[in-house]
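Engineer: Listed here are the chains, written in short residue letters.
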Amino acid sequence: MVRSLGRLAIVLLYMTLQAAVVFADAIRIGEVNPLTGKLAKHGLEIHEGILAAVEEVNARGGIKGSMVELVSRDDQSLPEVAINQTEELLYRVKVIGLVGGYVDALVGPISELAAKHRTPYVASASLQRSLTEGRQNPYFFRVSQLDGVAKPLCDFVIEMIHPKTAAILYAATPGSTEFGHDVEACLRNAGVTIPIVEKFRPGTLDFSSFLLKVRQSQPDILISGGFYPDHLILVRHLREQKIPLPIYLAPWGVAYASFIEEMGEASEGLFGLCAWNPGITLPGTEKESELFVERFTRRFSKPPNTTTMHGYTSARALLAAVDKTLQSGQELSGDRISQQLRSLDLILPMEHLAFNQNGDPKHYDQVVVQIQKGKLVVVYPPNRATGKIMEH
Amino acid sequence: MLFQLLIDSFSLGSFYALIALGFSLIFGVTHTFNLAHGELILLSGYLAYVLGKYFSIPFLFTLPICMLALVFVAMLLHQLLRQVKEPFELNSLVVTFGLALVLQNAMLFFFSANYRLIHVPPVPPLELPNLHLFITQTQFILVGLSLLVTGSIYLLWRKTFLGKALRATIQDREAARLAGINVEHMSLMAFILGGMLIGLAGPLYAQREYLHPFGGMEATLIGVIITIFAGVGRIRGILLGGWILGGVESVTVFFLGANWRELVSALVLIMLIVVRPAGVLSKRAKSERWR
Numbered sequence: 001m002v003r004s005l006g007r008l009a010i011v012l013l014y015m016t017l018q019a020a021v022v023f024a025d026a027i028r029i030g031e032v033n034p035l036t037g038k039l040a041k042h043g044l045e046i047h048e049g050i051l052a053a054v055e056e057v058n059a060r061g062g063i064k065g066s067m068v069e070l071v072s073r074d075d076q077s078l079p080e081v082a083i084n085q086t087e088e089l090l091y092r093v094k095v096i097g098l099v100g101g102y103v104d105a106l107v108g109p110i111s112e113l114a115a116k117h118r119t120p121y122v123a124s125a126s127l128q129r130s131l132t133e134g135r136q137n138p139y140f141f142r143v144s145q146l147d148g149v150a151k152p153l154c155d156f157v158i159e160m161i162h163p164k165t166a167a168i169l170y171a172a173t174p175g176s177t178e179f180g181h182d183v184e185a186c187l188r189n190a191g192v193t194i195p196i197v198e199k200f201r202p203g204t205l206d207f208s209s210f211l212l213k214v215r216q217s218q219p220d221i222l223i224s225g226g227f228y229p230d231h232l233i234l235v236r237h238l239r240e241q242k243i244p245l246p247i248y249l250a251p252w253g254v255a256y257a258s259f260i261e262e263m264g265e266a267s268e269g270l271f272g273l274c275a276w277n278p279g280i281t282l283p284g285t286e287k288e289s290e291l292f293v294e295r296f297t298r299r300f301s302k303p304p305n306t307t308t309m310h311g312y313t314s315a316r317a318l319l320a321a322v323d324k325t326l327q328s329g330q331e332l333s334g335d336r337i338s339q340q341l342r343s344l345d346l347i348l349p350m351e352h353l354a355f356n357q358n359g360d361p362k363h364y365d366q367v368v369v370q371i372q373k374g375k376l377v378v379v380y381p382p383n384r385a386t387g388k389i390m391e392h
Numbered sequence: 393m394l395f396q397l398l399i400d401s402f403s404l405g406s407f408y409a410l411i412a413l414g415f416s417l418i419f420g421v422t423h424t425f426n427l428a429h430g431e432l433i434l435l436s437g438y439l440a441y442v443l444g445k446y447f448s449i450p451f452l453f454t455l456p457i458c459m460l461a462l463v464f465v466a467m468l469l470h471q472l473l474r475q476v477k478e479p480f481e482l483n484s485l486v487v488t489f490g491l492a493l494v495l496q497n498a499m500l501f502f503f504s505a506n507y508r509l510i511h512v513p514p515v516p517p518l519e520l521p522n523l524h525l526f527i528t529q530t531q532f533i534l535v536g537l538s539l540l541v542t543g544s545i546y547l548l549w550r551k552t553f554l555g556k557a558l559r560a561t562i563q564d565r566e567a568a569r570l571a572g573i574n575v576e577h578m579s580l581m582a583f584i585l586g587g588m589l590i591g592l593a594g595p596l597y598a599q600r601e602y603l604h605p606f607g608g609m610e611a612t613l614i615g616v617i618i619t620i621f622a623g624v625g626r627i628r629g630i631l632l633g634g635w636i637l638g639g640v641e642s643v644t645v646f647f648l649g650a651n652w653r654e655l656v657s658a659l660v661l662i663m664l665i666v667v668r669p670a671g672v673l674s675k676r677a678k679s680e681r682w683r
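Top line first, the protein sequences correspond to chains A and B.
Each residue of the first sequence is one higher than the last, beginning at 1 in this note's numbering.
Each residue of the second sequence is one higher than the last, beginning at 393 in this note's numbering.
Hints were generated in silico from the structure; no laboratory data involved.
We put the beta carbon where it would ideally sit given N, CA and C, even for glycine.
Certain hints may be false.
Unchecked claim - Under the rule of at most 25 Å between Cα atoms (straight-line distance), these lysine to any residue pairs were calculated in the SDA-like manner:
no.	chain 1	residue 1	chain 2	residue 2
1	A	K213	A	I194
2	A	K287	A	L344
3	A	K302	B	F503
4	A	K242	B	E519
Claimed, not checked - Take a look, some chain A residues computed to stay more than 12 Å from chain B by CB distance:
no.	residue
5	L51
6	G191
7	R336
8	L344
9	A354
10	P381
11	K388
12	E391
Said to hold, decoys possible - DEER-style ranges, computed between Cβ atoms:
no.	chain 1	residue 1	chain 2	residue 2	range
13	A	R342	B	E481	55 to 65 Å
14	A	N383	B	F464	58 to 68 Å
15	A	R201	B	E481	21 to 31 Å
16	B	L520	A	A354	55 to 65 Å
17	A	G264	B	L485	39 to 49 Å
18	A	E294	B	R474	46 to 56 Å
19	A	R295	B	N497	21 to 31 Å
20	A	G264	B	L523	23 to 33 Å
Please build the complete structure, drawing on both the sequences and the hints.
Structural biologist: Here it is as structure tokens:
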């Protein structure tokens, strides 16, 4: 018995030493995401995308011989927890860079702390303009931006739908509110009458009175800036109450295979936007996209989606900047990595990634998709369309 | 349109009442401030989801199964809370908060963070063309079930010895004990009845909204707010409170907009607490609140 315990102790010691050797000179990057709480679905998707990117680099032998260690923290979908977790990563773990983040309410505080600590932060899903515009934060970068959502949506509505009237619903979050205002201004400029513009609290459980107004005013299109769970309620109520609404268009939450699976028939004909999805990729990156889907599906036993790809893209950006810093023979520091991020030029499945002086992506453009027979079909812009609009 | 708004208000209010009944009953009899109420509703919802998806059990048949299952869970919760020392109200709050966290993570482990829906075969809404009125299957089920359940509990409350004993326990535990009522037994009965009501609410919640491991707080808040509206232990008051809150929210959204919903509801709640501190049906002063 004593001998067995002794052997076990030796094995454990050996394993600990092995791990210590492997990570002794590891490059540590930190990740703060909502892994539990209300935003856990998308937080976990981003986390898996980041993990895929890190594992990909490590499988190739790391960066200049050093393995990359991802230190993940859960912000529980709460800004105050995000602050605590980021402080721990910056001051105790001493990560060389940060990735992740979903919604601006969580990304904003992380970006502040990263700037204070002079550590680069590449946010995975952030839209609010005030986080980048008119604000000097040379350490903050993000792989998405609001214009890449609002502009294609607005162009699509004006060029392809030609509505006379439109209703706009948006969530009381910074990004969704800016989106609502942008789309309203754009449609009004195009001469579209907008009888309903409303803001709602995320997590609202009932939309029946709002839908009654939609029934009353009969708009040609409803642009719904809510999120995944809001659409689950709204669309079911729309269908159940047989509201006469020709087009339902949602920038977030509809273009997901899991949404189609849960909603079934009720999802047919809905319009959504996405930056990437399996089979919907930046022209010229089809092969890389397919390989990513294959690797990811093998690793996580499920296909990736557009949110996963946001996580993957942000991690690829940070890792590429770290690589460039080390290849140039310099020591890793926040300023040097940020400098490399500013000069980054990567062709990735989601976008041609290069940052402008504010840290926003220069070429982030989503496409409009329609759910047709349980599949996502790109209907706009014309140069990326894989099908025509189906009347439902 | 106003009639349609009325139907929508009643439907929403009935939904709120069904969510709140279990919380209110357990709180009234045992003074347990059950912060895991929403998570228990979700647990019942997930059970109905599994029964429907993997065993193809029709939605309405999942209701009695979930009610039975949640009676068992509620009895376990009762056993757990029996170990709680004084001050009971505060300690039960801490214990049920911990239980809520455990249940959230257990549901995350078993069902992932994906949102789940319970589908019922679509039935076209009942249409009254001259009045431009639509009554959907869900609205019909919610209003019908809320009336049935409230009526049943009201009869139990008023016409049976058990009901009288439960009411006596709500009014004054010590006096009830002195009158020969087994207060511990009443607590167990309250958990059994509360478990049944929570078991019923779960599938309805999942069918009308969605299931997510961290979505229980909304249901708990509905339970707390409606209980304040109604006054503790007032069964008819719960339905009335649900209808008032549903009506206030629906009318506010229709006439003012969705962003006014929470503000107006909160103002009405504050006014009610000032004017009718013992609940919406109360006619007595604050010091005489217990019937």
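Engineer: Take the hints in turn and mark each one as holding or not.
Structural biologist: Now for the hints, and whether the structure bears them out:
1. A:K213 - A:I194: 12 Å, holds
2. A:K287 - A:L344: 22 Å, holds
3. A:K302 - B:F503: Satisfied, since the Cα-Cα distance of roughly 15 Å is no more than 25 Å.
4. A:K242 - B:E519: Given that 25 Å is the threshold and the Cα spacing comes to 10 Å, the pair holds.
5. L51: At roughly 15 Å from the nearest Cβ of chain B, L51 (chain A) sits farther out than 12 Å, so the non-interface label holds.
6. G191: Nearest chain B Cβ is 24 Å from G191 (chain A), so the label holds.
7. R336: 37 Å, holds
8. L344: 31 Å, holds
9. A354: Since the minimum Cβ distance to chain B is about 33 Å, A354 (chain A) lies beyond 12 Å and the statement holds.
10. P381: It holds; P381 (chain A) is separated from chain B by about 30 Å at its closest Cβ, greater than 12 Å.
11. K388: K388 (chain A) is indeed farther than 12 Å from all Cβ atoms of chain B, at 27 Å.
12. E391: The claim holds: E391 (chain A) sits with its nearest Cβ about 20 Å from chain B, beyond 12 Å.
13. A:R342 - B:E481: 55 to 65 Å: Roughly 57 Å apart at Cβ, these two residues keep to the hinted range, so it holds.
14. A:N383 - B:F464: 58 to 68 Å: With a Cβ separation near 60 Å, N383 (chain A) and F464 (chain B) satisfy 58 to 68 Å, so the hint holds.
15. A:R201 - B:E481: 21 to 31 Å: For E481 (chain B) against R201 (chain A), whose Cβ atoms are near 30 Å apart, the range 21 to 31 Å holds.
16. B:L520 - A:A354: 55 to 65 Å: Because 60 Å falls inside the window, the suggested range holds.
17. A:G264 - B:L485: 39 to 49 Å: For G264 (chain A) and L485 (chain B) the Cβ distance comes to about 40 Å; the hint holds.
18. A:E294 - B:R474: 46 to 56 Å: 55 Å, holds
19. A:R295 - B:N497: 21 to 31 Å: At roughly 29 Å between Cβ atoms, N497 (chain B) and R295 (chain A) fall inside 21 to 31 Å, so the hint holds.
20. A:G264 - B:L523: 23 to 33 Å: Once the Cβ atoms are compared, 31 Å apart, the range 23 to 33 Å for L523 (chain B) and G264 (chain A) holds.
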